[in-house]
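Asks: This is what each chain is made of:
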Amino acid sequence: MANDDIALMAHLIRRAGFGAGREELEARAATGYEATVQELIHPETQHDVDLDLMERYLPEYGEGTALESLQQTWVYRMINTGRPLQEKMALFWHGLLCTGFAKVDNGPITMDYLDLFREHGLGSFKTLLVEMSKHPTMVYYLDNVDNHRGSINENFGRELLELFSMGVGTDGRDNYTEDDVRAVSRAFTGWNLEPTIPVFPYGRCKWRFRYDPTDHDDGEKTFLGKTGRWNGEDIIDILFEQPATARFICRHLYNFFVADEPQVPAWKDTPPRDMEAIRILEKAFVDNGFDMRPVLHTLFNSEFFKDALFLKMKSPADVVIGTMRLVKEHQEVKPGLFPIMLETTFMGQDLLNPPSVEGWHTGREWIDSGTLVERINFVADHVGDRSLPGIRLIVDRMSNGTSVMSPEEFVDSCLDLIGPVEVQKDTRSALIDHSANGGELRRATEEERGDFSRRVTEMLQLIVSTAEYQYT
Amino acid sequence: MATEQRERVIVVLSLSGGNDGLNTLIPYSNANYYDYRPTLGIAEDQVLRINDEVGFHPSMVEMKRMYDEGHMAVIQGVGYPKPNRSHFRSMDIWHTCETDKIVDEGWLGQTIRELDPNAENVLSGVNFGRGLPRAMVASGVPVSSVGDLSTYGLLTGIEQDQRIQALEVFSRMYAPAIGAGPVTDYIWETGRAALKGADILKVAPEMYSSTVEYGNNAIANGMKSIAQVHLADLGTRILYTTSPYNVFDTHANEAAMHSRLLGEVSGAVADFNDDLREHGRGEEVILLVFSEFGRRARDNGGGTDHGTGSVCFVIGDQVKGGLYGEYPSLEEGDLEDGGDLLHNVDFRSVYATMLEKWIGLESRPIVRGNFELLGFL
Numbered sequence: 418m419a420n421d422d423i424a425l426m427a428h429l430i431r432r433a434g435f436g437a438g439r440e441e442l443e444a445r446a447a448t449g450y451e452a453t454v455q456e457l458i459h460p461e462t463q464h465d466v467d468l469d470l471m472e473r474y475l476p477e478y479g480e481g482t483a484l485e486s487l488q489q490t491w492v493y494r495m496i497n498t499g500r501p502l503q504e505k506m507a508l509f510w511h512g513l514l515c516t517g518f519a520k521v522d523n524g525p526i527t528m529d530y531l532d533l534f535r536e537h538g539l540g541s542f543k544t545l546l547v548e549m550s551k552h553p554t555m556v557y558y559l560d561n562v563d564n565h566r567g568s569i570n571e572n573f574g575r576e577l578l579e580l581f582s583m584g585v586g587t588d589g590r591d592n593y594t595e596d597d598v599r600a601v602s603r604a605f606t607g608w609n610l611e612p613t614i615p616v617f618p619y620g621r622c623k624w625r626f627r628y629d630p631t632d633h634d635d636g637e638k639t640f641l642g643k644t645g646r647w648n649g650e651d652i653i654d655i656l657f658e659q660p661a662t663a664r665f666i667c668r669h670l671y672n673f674f675v676a677d678e679p680q681v682p683a684w685k686d687t688p689p690r691d692m693e694a695i696r697i698l699e700k701a702f703v704d705n706g707f708d709m710r711p712v713l714h715t716l717f718n719s720e721f722f723k724d725a726l727f728l729k730m731k732s733p734a735d736v737v738i739g740t741m742r743l744v745k746e747h748q749e750v751k752p753g754l755f756p757i758m759l760e761t762t763f764m765g766q767d768l769l770n771p772p773s774v775e776g777w778h779t780g781r782e783w784i785d786s787g788t789l790v791e792r793i794n795f796v797a798d799h800v801g802d803r804s805l806p807g808i809r810l811i812v813d814r815m816s817n818g819t820s821v822m823s824p825e826e827f828v829d830s831c832l833d834l835i836g837p838v839e840v841q842k843d844t845r846s847a848l849i850d851h852s853a854n855g856g857e858l859r860r861a862t863e864e865e866r867g868d869f870s871r872r873v874t875e876m877l878q879l880i881v882s883t884a885e886y887q888y889t
Numbered sequence: 031m032a033t034e035q036r037e038r039v040i041v042v043l044s045l046s047g048g049n050d051g052l053n054t055l056i057p058y059s060n061a062n063y064y065d066y067r068p069t070l071g072i073a074e075d076q077v078l079r080i081n082d083e084v085g086f087h088p089s090m091v092e093m094k095r096m097y098d099e100g101h102m103a104v105i106q107g108v109g110y111p112k113p114n115r116s117h118f119r120s121m122d123i124w125h126t127c128e129t130d131k132i133v134d135e136g137w138l139g140q141t142i143r144e145l146d147p148n149a150e151n152v153l154s155g156v157n158f159g160r161g162l163p164r165a166m167v168a169s170g171v172p173v174s175s176v177g178d179l180s181t182y183g184l185l186t187g188i189e190q191d192q193r194i195q196a197l198e199v200f201s202r203m204y205a206p207a208i209g210a211g212p213v214t215d216y217i218w219e220t221g222r223a224a225l226k227g228a229d230i231l232k233v234a235p236e237m238y239s240s241t242v243e244y245g246n247n248a249i250a251n252g253m254k255s256i257a258q259v260h261l262a263d264l265g266t267r268i269l270y271t272t273s274p275y276n277v278f279d280t281h282a283n284e285a286a287m288h289s290r291l292l293g294e295v296s297g298a299v300a301d302f303n304d305d306l307r308e309h310g311r312g313e314e315v316i317l318l319v320f321s322e323f324g325r326r327a328r329d330n331g332g333g334t335d336h337g338t339g340s341v342c343f344v345i346g347d348q349v350k351g352g353l354y355g356e357y358p359s360l361e362e363g364d365l366e367d368g369g370d371l372l373h374n375v376d377f378r379s380v381y382a383t384m385l386e387k388w389i390g391l392e393s394r395p396i397v398r399g400n401f402e403l404l405g406f407l
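Protein chains in written order, with the numbering used here: chain A, 418 to 889; chain B, 31 to 407.
In case anyone wonders, no lab produced these hints; they're calculated from the structure.
Ideal placement from N, C-alpha and C gives every residue a C-beta, glycine not left out.
Certain hints may be false.
[Said to hold, decoys possible] Here's a subset of chain B near chain A, in silico, CB distances under 8 Å, partners left out:
no.: 1; residue: THR129
no.: 2; residue: ILE132
no.: 3; residue: VAL173
[What the hints assert, rightly or not] Straight-line Cα separation of at most 25 Å, BS3-like style, residue types lysine-lysine; simulated pairs:
no.: 4; chain 1: A; residue 1: LYS723; chain 2: A; residue 2: LYS551
no.: 5; chain 1: B; residue 1: LYS131; chain 2: A; residue 2: LYS551
no.: 6; chain 1: A; residue 1: LYS685; chain 2: B; residue 2: LYS131
no.: 7; chain 1: A; residue 1: LYS643; chain 2: A; residue 2: LYS543
no.: 8; chain 1: A; residue 1: LYS520; chain 2: B; residue 2: LYS112
[To be verified] Covered stretches of chain A (in silico footprint by chain B; criterion: 3 or more residues with CB under 8 Å from a CB of chain B, positions within the stretch not fixed):
no.: 9; region: 781–787
no.: 10; region: 835–844
The shape of chain B in the complex, shown without the other chains (with noise of 0.2 Å):
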């Protein structure tokens, strides 16, 4: 079919509290890992294989298939040198790209101020989840921050037929003749962006119909969302949501834990995928999947602790899939730090990849430093 050029979009979905890597690409031909995962290997006739030496997780079905069908890309041990373990700051390291200082600005509102320097779209970033990640944050940057997209929007605790006349007295005190100085009049003109965003975000469902069944928990809600405000056509460029807060956290428990979420990612990441395929607009959107960190190569009897490099996920029509990067050895000697994947790909690599090929911009001030491209794009 032949369709308009539409712009390009990226949308991210963090897997937050850091995801076993091990145990969502495993190397079931390697010995060591058996060793390292007593109680958490998964069994070789388990493991859903796509070559001699590594397969997914069992739960992992529908990103197997998207595998097979040649449009996700799989990067192999991906991190940062120097690796720190603490959930905030190497989520922190992921969002803005700076290892050694701590900064402010994110690699995506970096992006949303390149795509749209003048802010004339409300929309051009949208975040599903309550408070900005670092990754969307820049200053001058507008980026809207729903929660629920059913139900976003300015004075919502109050009952409907009493919050239409609320919002028009809101729209009428917040647009008055005659000026009150700088800062008012900021507020003034952001609550009216807010109004704006919130009223053209509440087509995006209302226009939205799809016969694709998205799973009934928060992982498929984002995508869903996401998948409705890429449809309705608002220019929006950057779509980002998060999983429930540090669920990847697996220090006990993991096996079912773990298991479970992984089947939400694939599920909800393939629905998304099919959803936009079905609209014709599969070509348009990469998919980035990534985690702060990994976990370490040994188990701890019922869970893996924090530790370094990990796997991530580039989806999408038109990305080149297969294996990139190396996976990390799982020689004794070769472990970090006595315990840890040495990454052997720049997490900044990945993002300048993206930055570059797909949306065309220069990636070096954003990702801060010349990483190398990959060839997924």
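Only chain A is shown next, with the shape it has when bound in the complex (with noise of 0.2 Å):
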């Protein structure tokens, strides 16, 4: 098999997955590229986890009351789906159409908007938005509970158009005005709760959604020029027709899957990294109705995702997830995780609470002096771990030979088979000559492989804290 197909097959279950180990890696790069694909953008057709054993055995874990019982959950879930893209785009959607914890302090809600984007996130985003516009957890976040005929509260109606769908501005013009704020305020009104049971002492219950027509204010609203006595799914169905929408939303695709885009405030003025690969995915989104399934088809067989290696930080999800894939950890339900997933945290990532309704800053806004070291701490502790069975496989496998291995090899055999990662020359150098100064590299005794197997584990050790493994 050749290697290219091997790291354009770790490229994808990384991008649209959490990663994978070795094995695999080569299962799916025998299967094909295209069949990959295919199994992606179809969750229906594989196992989700089993949520029955999970609750069973670990049941703060469904309890979903605090905010870390609802992260094990997750992380849980992300690190063992059988259905990685239905996951991937649940994190994207939840980084897009935000809501937070901090505010919300429901956990019954919390999850099941989490669902929504699991049921809807590669279908239609026309559907989608107006689900979310509906769901209790966005209505309840963005004030729409506080937005009433004849007194409107503008939250929601602000950030449905700038974080949800047109965003500020595109190619330096304004997408909208304060008065467009207003008529799309106006139009939600009415789209509120049922009476909700209160926390003390009852507990947290599901909200529910409920339309008051007595609310609703039905009076003529003019929206991007055009005018009638529209409601929420009208002004949804005019955000639709915008060019705006279209490009909002693939250049977020493009961020999340292909390459780092500056922070969306900086998009009206500033062009896409590739506006030819935006242009591709804004066809596919308008041509197939809205609808995802077709633009992320066509995004992960364009030659622009695929020479996107390493062109992209990794989230801190993507390091505890990743990590946990590859070094084989809690992939049964087991004690333990709670750690694990307060690591997302430390690093900047508190899933289901991020820090405004704009979401985490990504890219290199995710690496400071303090998750920096957190980072490498966590993954080199795991990769350091032989009783691990994904680490354990890494180093078999090395030491599969009894031949001397020339520091060149040694090193280049642990980029390998832990990405395949590319580093920079000055990097290779660097680790090389480590190697070489620790003495021949010998694995055909006993002994010989027991130090030889601490040797490739302290390579992948150094190989995780490098600059070059915090992307993805």
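Join the two chains into one complex using the hints; note that each chain is given alone, in its own frame.
Replies: Take a look at the structure:
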């Protein structure tokens, strides 16, 4: 099997999922790239995780009252899902159609909102946007509960335009005016909640959406130059007539799956990194009636995607979930996931609780001196643990042979088996020199293999500490 | 003793979970208190009285001593309008000073940026704990977050003699001769800063010597680490630590738990102050002790539920001790939302006072508004 095939498959599985160990990558590469893409974009053909089993053995996962239990559940699902793209898209939408637990403070509806992304995340974005606007988590998070006929609250209306559909501007021009924000806010009056059950003493109950026609402002509104007695769905219809919406969502997809873009507030004035790629995605989006599946199919098969190896910074979720999948840990229900889950927060991504409605800033903004130390130490501690099956596998492959390895061969094999990872020339030289200084790399006898395997894991620890390893 | 002019420092201890203010500063002469607290009320003769109306919880002996010495400001009735009783959101509000919108820059992060605009010192802000509290977050501001000062560093999982070699390789990989684009260059720069920060911080416990013996608990460990870093003169201006996560969330079994926690806080804070004084450094530091909210006036039989207006402390040898603000009324009709103490001092007044009078910074952009300055500095 050509090594290029493995590298490309590793790239696809890192981006469309959360990475995989070597055996899985080889099996998938043998099945073929297009077959794997088809499997990914059709999650319904694959088994999901066994939630019953999970909740039976770790009931606190399913209970869903505290943020930490919700986070554990999601981390467990991301590690073990048979539908990696479904979970990856849930993470994508969670970072885009943001709500935060800090404000919502209700586990059941927070998890229900995530299920919305699982259900519609690969389907029509238009449907998703309508369902999102009706979801109690969003209705509450962006104060549409306080948006009334005659007394509007613009929070949701503004973010629908600014962050969920068109963005502030495109190609240097504004996409909407303050009058448009007010029109949208009026159109969404009456999109409210049924009376909620108090937390004390009843606990968190699922809130429910209710459209209240008596609270809806049914008057005439002008939105983006169109006048009518618009309700919320009409607004979303009009939004999908705007090229800005296609541009905005495709740029988000590019930023999430292909290569880091500048932060969203810069998009009005900063052109996309690869305009041609964006145009290809926009065309797929519009031609297919805003359905995400064909857009992703186009994306994963495009040259711009296949050429985009290591052009993105790993998110904390990529780091933590990817490491668990590489070392094959927590692949069954067992205690001990709590401290693993906390690592995403320590690295700057408090899942289900983003810092604001803008979501997390991505790319290089994931990295500061505190989070870099967390990343490196977390991954190094795991790849240094020879008791973990995924690491045993790498060590066994490396130890398979009796010849003395050259430092070059040793470093290149480690880089290959843990990724494949590409590093700068200087980095590779530093690793090779270090290996050469450690003496001959012998693996013929039991004793030699003991020392050899220690040197393998030490090399893996150095590799995961490189700047290059922080990319996906 | 003549000391050289050193820069002023802010230390913050966050009591995570919502400290029961009513059982911290106890209105022992108020009959309503005992009506509201049939199980958790602290008997009048147990209270460490500071005047005819209020006194400290009996386990706060050390803090009572500091109060009597006149270097502890007790700010009563602290809170903010439209109180939020979610731990996360309320802590966010205290961190960011923004009560209405959700924003991502914290007040101390912005303060560090003002103090060290070019991020010249990787240790201008140091947090003890894993993950940064949002108070310390601001874009472009490097803050070191230290889980444990004695083991802090890169690649700490590698055994010692091999680790030295590993760190040499790391230094070499992070300082290549040729650049590799802005993002990779930035990671290298950040990695070098982290290594340097860890190297510098390593000296703090080595240089430190003191006759003060701190307690053996997480709060004391945090305060001791802060003292070590401050005394090592690393140029750190803002230091932060947090009690174990949500330990003050005493919905049940409060009597024993809260008593232990207040004892730990009181001991740690006093030891910290004694430690600084022993080194002749007590006048350089002020310490803020706060919590995201108080508890309900009424106990629930074994504990207390989330409430509002509470008490916070500002401590230091340059602090003008005493009571500030007013004790919230305990009259039935004065309770907010039927069961909570109404605040009368906005927490942003406390921050603004610290920023303006201690550090000499304009507080308005940081605390997001104009707030009355208090007299404790």
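Asks: Is the hint on B/VAL173 kept, meaning its closest Cβ partner in chain A is under 8 Å away?
Replies: holds (6 Å)
Asks: A/LYS643 and A/LYS543: Cα distance at most 25 Å?
Replies: Holds, at roughly 19 Å.
Asks: Count residues of the region 781–787 of chain A with a Cβ under 8 Å from any Cβ of chain B, then say if the count reaches three.
Replies: holds (count 6)
Asks: Does the structure keep B/LYS131 and A/LYS551 at a Cα separation of 25 Å or less?
Replies: holds (21 Å)
Asks: Are the Cα atoms of A/LYS685 and B/LYS131 separated by 25 Å or less?
Replies: Given pair A/LYS685, B/LYS131 holds - Cα atoms ~23 Å apart, limit 25 Å.
Asks: Taking 8 Å as the Cβ threshold, is the statement that the region 835–844 of chain A is covered by chain B upheld or broken by the three-residue rule?
Replies: Check passed, 3 qualifying residues.
Asks: Does B/THR129 pass the interface hint, meaning its C-beta sits closer than 8 Å to a C-beta of chain A?
Replies: With Cβ-Cβ at 12 Å, over 8 Å, it is violated.
Asks: Against the 25 Å threshold, does the CA-CA distance of A/LYS520 and B/LYS112 hold or violate the hint?
Replies: Satisfied, since the Cα-Cα distance of roughly 14 Å is no more than 25 Å.
Asks: Holds or violated: is the Cβ of B/ILE132 closer than 8 Å to a Cβ in chain A?
Replies: holds (5 Å)
Asks: Does A/LYS551 sit within 25 Å of A/LYS723, going by the straight-line distance between their CA atoms?
Replies: Roughly 37 Å separates the two Cα atoms, so the pair is violated.
Checked against the numbered hints above, the structure violates hints 1 and 4; every other hint is satisfied.
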